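Sequences listed follow chains H and X, in order. Residue 1 is where the first sequence starts when you use full-length UniProt numbering, and the numbers rise one by one after that. Residue 1 is where the second sequence starts when you use full-length UniProt numbering, and the numbers rise one by one after that.
Hints listed in this document are in silico derivations from the structure and should not be mistaken for laboratory results. Quantities reported herein were computed from a predicted structural model and do not represent experimental measurements. All C-beta atoms in this analysis are idealised placements derived from N, C-alpha and C, irrespective of residue type, glycine included.
Label pairs and their calculated CB-CB ranges:
#1 H:N260 <-> X:V7: 50 to 58 Å
#2 X:L112 <-> H:Q145: 45 to 53 Å
#3 H:S207 <-> X:V7: 53 to 61 Å
#4 H:L247 <-> X:Y265: 48 to 56 Å
#5 H:P262 <-> X:R99: 23 to 31 Å
#6 H:G113 <-> X:R217: 53 to 61 Å
#7 H:P117 <-> X:L212: 54 to 62 Å
#8 H:L50 <-> X:V25: 49 to 57 Å
Here are a few chain H residues that sit away from chain X, every Cβ distance over 12 Å (derived from the structure):
#9 E15
#10 Q19
#11 D125
#12 T231
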Amino acid sequence: MLSVDGLTVRADSAELVHQVSFAIAPGERVGLIGESGSGKSLTALSLMGLLPEGVTASGTARLGERDLVGVPESRIKDLRGRELSMVFQEPMTALNPLMRIGAQVAEVMTLHGRSSPEARARALDLLGRVRLPDPEQIFRAYPHQLSGGQRQRVMLAIALANEPRLLICDEPTTALDVTVQKQMLELIAEVAPALLFITHDLAVVASVCERVLVMYGGRVVESGPIREVFTRPRHRYTEGLLAASKLTPRGTRLPTIQGNVPPAGHFPDGCVFRNRCPQATTACEQVPALTGDGHAHACWHPAD
Amino acid sequence: MKGRVNVALLVGAVLVALVGLAAVVSFFWTPHDPTLVDAARKLREPGGGYLLGADKFGRDTFSQLMVGARTTLYVGIVAVGIAAVLGVPLGMVAGMTPRGWLSELIMRVNDLVFAFPALLLAVMLGAVYGAGTLTAMIAIGVATVPAFARVTRAATLQVMVTDYILAARAAGRRRPAIAVRHVLPNISSMLIVQASVSFAIAILAEAALSFLGFGTRPPTPSWGRMLQESQELLFSTPRLALWPGLAIALAVLGFNLLGDGLRDYLDPRLRRIREQAEPPANGATR
Chain H
1 MLSVDGLTVR ADSAELVHQV SFAIAPGERV GLIGESGSGK SLTALSLMGL LPEGVTASGT
61 ARLGERDLVG VPESRIKDLR GRELSMVFQE PMTALNPLMR IGAQVAEVMT LHGRSSPEAR
121 ARALDLLGRV RLPDPEQIFR AYPHQLSGGQ RQRVMLAIAL ANEPRLLICD EPTTALDVTV
181 QKQMLELIAE VAPALLFITH DLAVVASVCE RVLVMYGGRV VESGPIREVF TRPRHRYTEG
241 LLAASKLTPR GTRLPTIQGN VPPAGHFPDG CVFRNRCPQA TTACEQVPAL TGDGHAHACW
301 HPAD
Chain X
1 MKGRVNVALL VGAVLVALVG LAAVVSFFWT PHDPTLVDAA RKLREPGGGY LLGADKFGRD
61 TFSQLMVGAR TTLYVGIVAV GIAAVLGVPL GMVAGMTPRG WLSELIMRVN DLVFAFPALL
121 LAVMLGAVYG AGTLTAMIAI GVATVPAFAR VTRAATLQVM VTDYILAARA AGRRRPAIAV
181 RHVLPNISSM LIVQASVSFA IAILAEAALS FLGFGTRPPT PSWGRMLQES QELLFSTPRL
241 ALWPGLAIAL AVLGFNLLGD GLRDYLDPRL RRIREQAEPP ANGATR
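Can you build the whole structure from these sequences, using the hints too?
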């Protein structure tokens, strides 16, 4: 349904996302993980056509029959909010502080051609569907009267309003309490038609997604079914990530990945991870290709 | 904020309300006809139905002040109206397309007009089209456009980077709709403050123009012209200059205090601090 092929995002001279390719089937839930600056948010924004000014995307991305990348904004505007929609990270700022919740949920429907009484009725319905207590009261409330978790549910209701074919979530639970986070994740997994879920939290991705893409330095370095990638990581970066997220006995040092993520545009040539990789050799000066069916990795010295 | 009285806001609002009240009442009632010339009452001392006395033509000063308040508000409203109607859309266009050529063009022309003194523009327009209240209002209004455009642009830039604008775009809203539904309501507090401050400046400008003879034409009473007419009697009858001068000072003070008070009350940064002071809904967890 969604197919992305050779997606590249650049700002001026720096390449921020390099040749990213993946596909999402209807009903499939795919996770996109990586640390800050790995290009996962840019990948999502370029699908929505919402890249900041001065940042451009090339390559192809198709949702069904429609091109998403490299076409003028006017041609994908009717897709946004209808065929694909997005939930943002910060529930505190993603709602207009001066509009009532109900109006904001209904607006996204009237915008795409529903009558306003119908949109209001459906908005109320949606607020109930994302398990907000007392939807009628929430409908009349202003954003500042809701908690973070409630606001994020409202954002989800807005995203689902037009029954999109694909839902993109950009760290939707990062700003929430752990308990609220769990409820939110269960809700997303339940209501999402097809999902692209962006996070840096491995536990979160494991609980929501069926398949995962690991990004580092603007490239997909490993991809595959979640169980395989997490139990048998091949790329050394994934391996490091998983090691760092394991609970270790008290008194032992927490395993880390040495060094820091270089600033955008300053990744080494060849394998982007080679300056931090314990296994790096001269072979790594060549760019490794993403190889393997199902469970793919881009590494010259894969684990196992 | 609730429970603590904002003194500036209160004093400003009272002063502005007084000017407004005088202007409204003057439509229905003044102690005397403010334009009636009567040699018998020439320079009449205060008292006996003439609360503040009469001027060199025998016109009642208090009545003139009341009708003058009307002129003052009229000029302020029209001038600020012109400035807002032209400046706000220009500023919003510039703020919503910060890297476009149109934005550059708007802001550079804006700088050009900004550099031009308002009074000079008014005197020029007066010389070409004839002096009068309307000319003065248009000149003051046009000269105030850049201030509005700048404030609007700055406020718009702040709003445009918020997530709810991104969310609105993600929902498929088009630019003009985003401008009207999301940007304008969220910058309105800053515009109200700007309008209040500009109003004070417009009052001063009108007084200055009338004093110079480029503003309100006789016989319509105007505080600025009352000052000018009292000029030659400044040492013999200072009260004739005192009252209109005081009226101008208090009106300007009132609008400035109102603007300041509104800024404290509506400032989005202060508002955000107040919001954060509320019990946080959910802490961030990593």
